[in-house]
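Here is how the chains run, residue by residue.
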Amino acid sequence: MTSHSSLRDSLRFGQMTRSESVAVWPILLVATIGFLTLGSLLTLVVRDTIDRQTDHWIETSLRAAATTGRLSIESKFREAHAIVAMIATRLVIADYLERSEHGQPVAAGITPQQDLAAAMHSLQSIVGISLLDNQGVVVATVGDIPPQARDAFQGTLRDTIPILVNNSSAIKVMAEITDPQGAVLGSELLYYRMDNLNALYHSDLGFGTSISCRVAGVIDGQPRWLIPDLGALPSEDAAQISPLLTPSEHRELILRDVHGAITGIRQGFPHSTMVMALDLDPTLMMRTRIYETNVLTGILILLTTVGALGLTMLLRPFAQRMVRQRQQLAQTVDELRRSEEFNRRITANIPDRIEVLDREGRVVSMSEGGTAAGEVSDLAVRTGARWLSFWSGDDRDRARLALDEARRKNLGRFQGFCDRGSGTSKWWDVAVAPILGPSGAVEELLAVSRDITEEKLAEQKLRETELRYQMVASATNDVIWDWMIDTDQVWWNEAITSQFGYAPEAIGPTAAWWAEQVHPEDLKRVRSGIQEVIASTSSAWRAEYRFRRSDGTYIYVLDRGHVLRDAQGRAMRMIGALFDLSDRRRAIDLEARRALHSQLRADISAALVMAVAQPVMLQSCVETLVRNLDVALARIWILEPGSGTLVLQASAGLYSHLDGAHGRIPVGSFKIGAIAQERTPHLTNQVLGDPRVPDQEWARREHLVAFAGYPLIAGDTLIGVIGMFSRNPIESDTFDSLSAIADLIAQGVRRKTLETRLASQATVMQRTNTELEQFTYVASHDLQEPLRTIANYLALLERRYHDTFDDKAKRYIDHSIEAAKRLQALIKDLLAFSRAGHRESSPLEEIPSHDVLTEVLASLASALSEAKAEVLAEDLPVVRYNRVHLMQLFQNLIGNAIKYRGTTPPRIAVSCRDAGEAWEFSIRDNGIGVDPAYAERIFEVFQRLHGRDQYQGTGIGLALCKKIADSHGGRIWVESALEAGAIFRFTIPK
Amino acid sequence: MNAVVLPTILHIDDNDADLEFTQEAWSEYGSPATFLVARDGEAGISRIKNMLAHPEEVPDLILLDLSLPKVSGHDVLTYIRHQPALAKVPVVILTGTPTLEERARSLALGATDHITKPTGMAETVAMIMRLKSILLH
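If you read the sequences in order, they're chains A and B. No gaps in the numbering here: position 576 of the first sequence is 575 in numbering that gives the first Met the number 0, and each next residue is one more. No gaps in the numbering here: position 87 of the second sequence is 86 in numbering that gives the first Met the number 0, and each next residue is one more.
One or more of the hints may lead you astray.
Looking from chain A toward chain B, a few residues come up when the C-beta cut is under 7 Å (computed) [what the hints assert, rightly or not]:
#	residue
1	E696
2	A698
3	R787
4	T788
5	I789
6	A790
7	N791
Simulated from the structure, these hints should not be mistaken for lab results. No experiment lies behind these values; they were computed from the predicted model shown. Idealized CB from N, CA, C, for every residue including glycine.
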């Protein structure tokens with residue numbers, strides 16, 4: 000009993016409906032979702048707690064950093080495996096280096112080493128510090144840096160990315176943010192947290208890696224987030240983090256992310272130093288375990304679910320197959336029934352007579368519709384009757400033939416008149432087809448007869464009107480034609496003879512004759528037009544084409560036709576008339592040629608301004624001529640300067656080679672040389688017989704009819720010759736257009752020649768300039784060394800043998816030292832001058848120009864006080880310029896104002912005004928001024944207006960200023976009169 | 000009886016005039032010291048190798064030109080900085096053509112200082128002062 004019931008149960012289970020099976024799923028689903036949600040929530044809570052703890056820690060340490068100006072590292076941070084690397088900006092470093100280079104006091108500290116040592120002292124936990132610039136270059140190192148970290152630091156030299164070293168808890172680096180003056184602004188901290196970093200580094204799994212990186216900073220004493228979450232940055236790399244990457248690939252992506260973040264921050268705070276912390280999370284293992292528990296629960300639930308689902312799937316197909324078979328049976332029966340009924344209904348409503356005959360030709364059955372159409376009242380009368388007996392006379396023979404055809408398994412067709420039966424006499428269109436049995440033999444015949452009585456009557460009416468057409472047609476001068484479409488018979492009126500010269504016997508009877516007379520190029524178009532109108536329902540047709548007359552010449556005709564259709568809309572016949580269009584056509588041709596010529600001129604003009612070499616440009620011209628003007632050969636010769644020879648530079652059409660007999664033609668020789676010599680065009684439409692075309696045989700062979708040759712003349716200068724051969728006569732207006740085109744080409748060639756010359760001069764100039772700059776640079780370097788030796792040894796000589804030398808000897812040595820120093824100053828200035836033009840070595844930045852002026856005044860302090868000079872400076876704007884260049888401008892111009900002072904103490908005013916697109920700086924003094932006659936010359940190299948004994952200097956200062964101003968797209972000039980002070984002005988584009 | 004041990008300075012430079020001038024200037028303004036010279040990078044390295052074999056010969060200061068024949072100054076510097084025995088020896092770059100890039104590179108490679116060769120007495124005195132402070136540090 001038990002086995003029975005369980006079997007029944009399983010069968011029922013197999014036939015279970017959809018709603019029953021679905022009832023189980025929600026429970027499983029809810030359970031699964033519940034478990035998973037619970038696990039995820041648990042994970043989230045743990046993660047959130049950790050996040051809040053780290054947030055709190057960052058807040059605390061940043062607040063501490065803000066108040067002390069130093070960054071403290073708390074114990075929690077030390078416990079985590081972490082690295083903090085300091086990245087100093089290149090600006091700060093460069094500033095330091097430059098200052099120490101010039102022997103000036105360094106604002107930020109004494110040396111980077113001392114700076115770092117002080118930092119170390121302030122925080123006992125720091126073991127070692129390395130200072131890197133933002134190019135990743137280690138500038139200074141203090142303390143013990145473990146070898147692995149040292150390698151990493153070295154690595155940054157190549158990679159230019161920040162470093163990340165695992166398990167290097169010994170390295171603690173810290174820094175503070177200073178502005179360029181060395182004042183402490185605060186600290187910055189980049190906090191970088193990676194979930195599952197252990198998995199990332201200690202296994203190849205790396206699953207579920209999510210990265211969170213936040214950048215915090217203390218700016219002006221206030222801690223704040225600079226980037227809340229690196230994940231929110233538009234970084235493709237962050238999105239690419241996936242478990243499929245190897246740990247080392249992960250590491251590279253992370254490093255690039257950090258680098259990107261730093262670069263971003265740098266743009267906002269270029270003068271700050273940055274601290275970056277990379278933190279390995281110590282609670283990682285706990286979170287991993289929670290995650291794994293979640294996964295285990297999920298898998299168990301999944302297995303149960305899959306088991307239940309599998310059983311259902313196993314049993315369902317049996318039940319489904321049974322149902323399907325029963326349905327198919329019912330469907331087949333139903334279809335059969337419907338098909339019979341369908342056939343009956345169709346034939347009932349077809350007006351045609353549909354009769355089934357046996358092999359002997361006796362009527363077996365007849366359709367209902369056919370009974371009505373044939374007006375057969377008594378079906379029984381016809382059933383069993385011989386079908387042939389319905390037809391009489393010739394029609395009976397045709398019917399017999401059709402039956403025979405059908406018996407041979409073909410389709411028999413005929414049209415017949417049937418006046419038998421009780422009804423009206425009718426025309427029938429009959430088709431007899433075989434009905435084949437299963438064996439393929441003809442068992443019965445099917446006769447389908449369509450009533451065509453109306454059509455037949457219409458056709459008869461049409462025939463009657465034909466005579467009238469012919470009578471009208473003979474009375475006109477126009478060429479009239481009449482085409483019976485079904486029989487392809489064409490009738491022409493007498494005008495075909497009078498107008499086109501065809502004798503009646505020469506005219507073919509079909510449309511094919513007409514087609515022969517249509518110009519081959521037009522035939523396809525005209526034919527498709529006719530076919531189109533026949534296929535459509537419209538009746539009007541027209542076409543213009545070339546029609547050949549009996550003398551072989553073509554004339555343009557307008558052909559207008561009319562389609563006649565039968566009752567069914569079939570085109571039966573076309574009647575039309577041809578008009579001679581020659582006169583009208585000529586006018587249209589002229590207009591078309593004008594349009595063509597103006598287009599041609601535009602094309603040639605376009606070809607002439609192409610930025611290509613001259614031969615390419617000319618080739619493009621001749622190809623345009625050949626393509627658009629139906630020219631057989633077009634060539635351009637250009638006069639070679641000096642030799643008096645025309646050189647073929649472009650050829651298109653029959654020949655495209657440039658060498659050969661006509662490659663070089665002396666002016667005066669052949670027709671081309673003659674055109675050049677006489678400077679007049681040579682135009683002919685009768686090449687054959689032209690004495691200037693010596694190769695008559697060639698011209699005949701190539702069917703060349705016309706030649707047009709023009710001298711290319713620009714201004715008064717002969718530039719070359721253009722020559723063209725054509726197979727068709729050239730119209731006079733075309734000659735005119737070609738003449739204009741020849742002028743265009745002549746001007747184009749001249750312009751191209753000038754451009755080429757200009758371009759090559761510019762290249763030479765550019766090269767000379769570059770070479771000169773390189774020479775100056777190298778020479779300056781190499782000259783420094785022997786000079787240094789001379790100056791040093793002279794100084795040594797003076798010191799060592801001071802007592803031995805007499806006054807004269809000492810004076811000689813003084814002179815020598817003086818000369819060496821002057822030469823050195825000269826070289827130094829020259830070097831500065833040669834480097835001033837290098838834009839790539841002088842980066843632009845936003846500079847407060849007032850600060851630069853202050854610096855320059857500080858460096859000139861001794862000279863200013865010695866001269867008792869007074870400097871008045873207005874507030875100056877922030878400009879986008881190269882810092883060193885702006886310094887050099889101020890230094891030289893203010894230096895000059897001091898140097899060329901008059902008898903009263905110098906008063907120097909520095910101001911700046913907004914001149915729209917640029918800032919205009921002015922340095923005004925009350926010195927000796929500049930003679931306006933020399934206002935330009937003073938900006939040239941080595942131009943001195945005064946003797947050296949009077950005013951010191953190398954004569955390079957103002958030239959350097961001009962070069963700097965020019966290289967930034969600005970200007971420098973002087974406004975002055977002798978003894979009236981000077982105003983030097985320069986502009987800095989905004 | 001203890002002999003006074005003079006500090007040893009190794010000067011690597013291909014310019015004889017500069018070598019002699021530095022020694023003269025040192026004797027004029029510096030403190031007594033023993034000068035050793037090498038005239039190209041290769042000679043400099045082989046000299047340093049000999050010194051490593053005899054620890055008592057390790058110099059107290061190395062002066063290094065950058066543009067040297069055979070082996071460049073930066074390569075010599077890299078070699079020196081890979082010798083643990085020389086970790087505490089200051090290396091000062093003396094160069095005739097100063098650029099910021101070279102300076103940054105020298106410091107990055109572990110140079111103690113980077114000084115432009117002096118011209119004239121004032122600059123010479125400044126250089127000697129700087130070298131003395133490094134030597135005594």
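To see whether the hints hold, each was checked on the structure:
For E696 (chain A), the suggested interface contact is broken, since its CB lies about 78 Å from the closest CB of chain B, more than 7 Å. Checking A698 (chain A) against chain B by beta carbon gives a least distance of about 75 Å; that is not within 7 Å, so the hint is violated. Annotation: interface hint on R787 (chain A) holds; nearest CB of chain B at approximately 5 Å, less than 7 Å. Annotation: interface hint on T788 (chain A) holds; nearest CB of chain B at approximately 4 Å, less than 7 Å.
For I789 (chain A), the interface hint is violated, the least distance from its beta-carbon to any beta-carbon of chain B being 9 Å, above 7 Å. Using the Cβ-Cβ criterion of 7 Å, the hint placing A790 (chain A) at the interface with chain B is satisfied: the shortest such distance is roughly 5 Å. Hint status for N791 (chain A): holds, given a least beta-carbon distance of 5 Å to chain B, under 7 Å.
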